[in-house]
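Asker: Listed below are the residues making up each chain.
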Amino acid sequence: MSEDIVLKTEDLTKHYGGVHALEGADFEMRKGEHVAIMGDNGAGKSTFVRQITGVEQRTRGKVWLYGDEVQFDGPLDAREAGIETVFQTLALADDLDVPDNLFLGREKTYADWLGPFRLLDYKAMRQATIDGLNRTAVKIPNIRNTIRNMSGGQRQCVAIARTATFHSKLTIMDEPTAALGVQETAQVENIIRTLKDEGEPLILISHNMRQVLDLVDRIVVFRRGRIVANLKKEETDGQDIVAYITGAKTGEEYMEHAL
Amino acid sequence: MADTSHGTGGLTFDKSKRSWPNELNILLALIIIIVIFEAIGQFAPYMRDQSFLFDTKDRFDSIFNEARLQIIVLQVAIIGIIALGVTQVIITAGIDLSSGPLVAATAMIAMSFAQTELVNGQPNPKALFGTWAMDLPVIVPVVIGLTFGAMIGAINGTFVAYLRIPPFIATLGMFLICRGIALWWSGGNPVSFPTDSYAFLGSGMMPVVWFVALAIVFQLIMSFTVYGKHTYAIGSNEEAARMSGINVRRHKVMVYMIASILAAFAGIVLSSKASTAQAGMGEFYELFAIAMAVIGGISLTGGRGSIIGTVLGAMVLGVIRSGFTYIKLDGSYQLMAMGAIIIAAVILDQYRQRNRA
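Heads up: the sequence lines are chains A and B, in that order. With the first letter of the first sequence counted as 1, position 124 gets the number 124 in the UniProt record's numbering; the numbers rise by one all the way through. With the first letter of the second sequence counted as 1, position 57 gets the number 57 in the UniProt record's numbering; the numbers rise by one all the way through.
Among the clues, some could well be false.
As the list claims (entries may be wrong) - Counterexamples of contact, computed for chain A against chain B with all Cβ distances above 10 angstroms:
{"no.": "1", "residue": "57"}
{"no.": "2", "residue": "63"}
{"no.": "3", "residue": "198"}
{"no.": "4", "residue": "218"}
To be verified - Cβ pair distances, simulated, as ranges:
{"no.": "5", "chain 1": "B", "residue 1": "239", "chain 2": "A", "residue 2": "151", "range": "18 to 28 angstroms"}
{"no.": "6", "chain 1": "A", "residue 1": "42", "chain 2": "B", "residue 2": "172", "range": "32 to 42 angstroms"}
{"no.": "7", "chain 1": "B", "residue 1": "150", "chain 2": "A", "residue 2": "190", "range": "48 to 58 angstroms"}
{"no.": "8", "chain 1": "A", "residue 1": "80", "chain 2": "B", "residue 2": "132", "range": "30 to 40 angstroms"}
{"no.": "9", "chain 1": "B", "residue 1": "200", "chain 2": "A", "residue 2": "82", "range": "52 to 62 angstroms"}
{"no.": "10", "chain 1": "A", "residue 1": "183", "chain 2": "B", "residue 2": "54", "range": "53 to 63 angstroms"}
{"no.": "11", "chain 1": "A", "residue 1": "110", "chain 2": "B", "residue 2": "239", "range": "49 to 59 angstroms"}
{"no.": "12", "chain 1": "B", "residue 1": "70", "chain 2": "A", "residue 2": "73", "range": "32 to 42 angstroms"}
{"no.": "13", "chain 1": "A", "residue 1": "42", "chain 2": "B", "residue 2": "223", "range": "21 to 31 angstroms"}
{"no.": "14", "chain 1": "A", "residue 1": "207", "chain 2": "B", "residue 2": "239", "range": "51 to 61 angstroms"}
{"no.": "15", "chain 1": "A", "residue 1": "62", "chain 2": "B", "residue 2": "20", "range": "17 to 27 angstroms"}
{"no.": "16", "chain 1": "B", "residue 1": "139", "chain 2": "A", "residue 2": "141", "range": "50 to 60 angstroms"}
{"no.": "17", "chain 1": "A", "residue 1": "73", "chain 2": "B", "residue 2": "165", "range": "22 to 32 angstroms"}
Note that these hints are calculated values from the structure, not bench results. For clarity, every value in this text was computed on a predicted model and none was experimentally measured. Even glycine gets a Cβ: it sits at the ideal position worked out from N, Cα and C.
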């Protein structure tokens, strides 16, 4: 397999009991590519992400990351392999401050022989946090503030800054601007453009048509747990995509599964 | 578009912008309570110019009434040791009701390996085992007691973290089981007459020494180690902690184990202090320990609070108990008043949270 392919899935499937949330997803993306995943609620977008990131265990199928077949036992595995995810639920601890959240689960430490009681290197984490936030031009008044006291946009920026701080091999964002105002959305989109400029591959899950057409190279549409279209941005438009999302149209190569 | 053109956008680590720590509020409350008792002592007609905290007998060598201070800290020290562990459990958004009976069970078990063979030249009248268990080095009962505590904690933690039993129910069950173990261990008889070295563990001001030392150790652990950070993270947002790759279940088991080991240690100190172990020991200790934590600003929804807060909460409870006796308030009123104070502490805390959010 080509080293050029960041992520490839084959027959990726997830059943929750009798519910077929994801069925035979074949997906591929190349280096530096930004891909959007679109689809109605319950179409299987988030399920797809949860299988790739190891949050859930897939029913069947294979996943390759940079040419290596991978099987993640948990989100930490995926993260160590270089997949950074900004979850819909944000996954931030409200009572901790910004550096604590950025480094949650992978703290910089010293005296590691102390096991679970190894000491936190607050200074290094603080510096890395400031560097990471500078890189993405995120504005947060005081990184010592707990997340609880921050606006939705600031929280989202913290969640995204986590990605930028760690130079991930693949970034996944699950509806990063769903709950944000106009200005905050613009800020998040700016971060995404920064990632694009730096050649970091990204999967963006979004309902926002303008945003998707604005930011990504390729659009993959999910419906009822299946991939129904794989569209280059230049060859499609909003109406076309909506047709795929609603089921008025199905991509030729996916016809055999059409319902 | 947000303006990101200049500088770091005010991105700073600014110590001066730290919020007013909750602990200072509790300290303030503690001082106010002391002042109130002092005022009642000075001005209430039936008190005849006594002082709550200061030495009124005009001895040259002292300012404070050391006897009362000693009683206050001694009263809270042993329950305070339990509260240190309960605090950590509550920070993970859990609860531990089993600590009181665990104190009794551990006291019985540890004491039965700490007995002396001869009491005043006679065989120990309360001997539980044969002579093989007599006059053992002090390390033996301590290790056995703490191991028992660790075991109970591991069971609590396993039920809560792996079998997903609500902490309230899991530890309520353990509450009854431990009380049962305490009764069963010696058939309800007290176990008494410890070795000198065992008796030393809880003699004099030793309980306070343990309490303060452990409080310092655990405050440092909670603030500066990965264990502490993960404990706060789990209580703050368990899902986030899990997604960040923290082994939440294993961590919870560890927290419950530490809490139970601390409760077991409190049982050892208590039995040493009393020179005897009885199955009825430690009644309501679990509730007072939780009360200390709650007064100390530990949020029952998890994620917030500190060991220092709990220590101050323990002091508040101790001062109130001592103060009520000092102003000659009847025991029945004392209980009612303390109950009211605990509820008031939670209401105040919730009010504070709402105002801040």
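Asker: Are there hints from earlier that the structure breaks, and if so, what are their numbers?
Answerer: Of the numbered hints, 8, 11, 12, 13, 14, 15 do not hold.
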